[in-house]
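Enquirer: Sequence:
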Amino acid sequence: MNPPPLKILAFDSEQLLLWALKRAGKSRSLEIETASSLPQAYNEIEQHHFDLYLIAYDSRDKNRLKLLQAIDEKYPYVPIIIMTTNEVNCYHLNDEIKSVRHHGSWHLLEKPFRLEKILGFIDLLFHNVEHLKKAAPDLVHHFDNEKRGQFRRSHILPLDYSYPSIVKGKEIKTYTSGIVTDISDCGLGLLSRSPLEEEMLIQFGDTMLRQYGIVAWSTKLEKETYRAGIKLC
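For the sequence shown, the residue numbers in UniProt numbering are 1 to 233.
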């Protein structure tokens, strides 16, 4: 069974751009909904969950800032690509966006741009998510509900690791493997067949630059399938 298409909301007053994006999405695994006004955008945000937001932003229009704030309050970990005529390397623009959206934006895209460019960014952003959807289709949309200290990007990677346990009064080391689903500078998400307890120290294999991590939280998803947040040491 093919994975469901990625859902994207594109907000811009330029009708031609919205039409081109929606048309291009049909030839890819993308379900692109469009909004050409703020009321339409708010309605889509309230009614549907999206995997990505494409938001046209003008620093002169403070209502656009309020839209970003509304997205941040409802879906703080869903990535946003900002499309703007403002100077994207301007510190003022970045500070303005981060004042209402803690994680800022995944990318600032300066207008005008070629359609292939933004589609390329979308492909890059969701390349690993597609693999995850095929492997674990029920997990993808639950990632947004996890409380994290820092935004982590999708990053699918097999991981060998070990952890100590007590058997008959003796400490032994158990060797196993899992799948890294997302990662940041200070932590990672891990799918595992082995139950991991909070505060447990685990040691990684050679694929990780850092050798140790501490289990910050762990939850059972289904029989013999666990998901854990690991704080890197």
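For the record, the hints were derived by calculation from the structure and aren't laboratory data. As the structure is a prediction and not an experimental result, all values here were calculated from the model. Worth double-checking, as some hints may not be accurate.
Said to hold, decoys possible - In silico DSS-like cross-links for lysine-lysine, where the CA-CA straight-line distance does not exceed 25 angstroms:
#: 1; residue 1: K22; residue 2: K7
#: 2; residue 1: K98; residue 2: K74
#: 3; residue 1: K7; residue 2: K173
#: 4; residue 1: K26; residue 2: K62
#: 5; residue 1: K117; residue 2: K22
#: 6; residue 1: K231; residue 2: K173
#: 7; residue 1: K7; residue 2: K170
Unchecked claim - What follows is a list of derived Cβ distance ranges for each label pair:
#: 8; residue 1: E197; residue 2: E14; range: 29 to 35 angstroms
#: 9; residue 1: Y42; residue 2: D95; range: 20 to 26 angstroms
#: 10; residue 1: G205; residue 2: N94; range: 43 to 49 angstroms
Here a beta-carbon is modelled for each residue, glycine too, at the ideal position from N, C-alpha and C.
Enquirer: Each hint should be assessed against the structure and marked as holding or not.
Expert: Status of each hint after checking the structure:
1. K22 with K7: 11 angstroms, holds
2. K98 with K74: Holds: K98 and K74 sit about 16 angstroms apart, inside 25 angstroms.
3. K7 with K173: 43 angstroms, violated
4. K26 with K62: Distance ~33 angstroms between K26 and K62 Cα, so the pair is violated.
5. K117 with K22: 15 angstroms, holds
6. K231 with K173: Holds, at roughly 20 angstroms.
7. K7 with K170: 51 angstroms, violated
8. E197 with E14: 29 to 35 angstroms: Roughly 52 angstroms apart at Cβ, these two residues miss the hinted range, so it is violated.
9. Y42 with D95: 20 to 26 angstroms: Holds: the Cβ-Cβ distance is about 24 angstroms, inside 20 to 26 angstroms.
10. G205 with N94: 43 to 49 angstroms: 37 angstroms, violated
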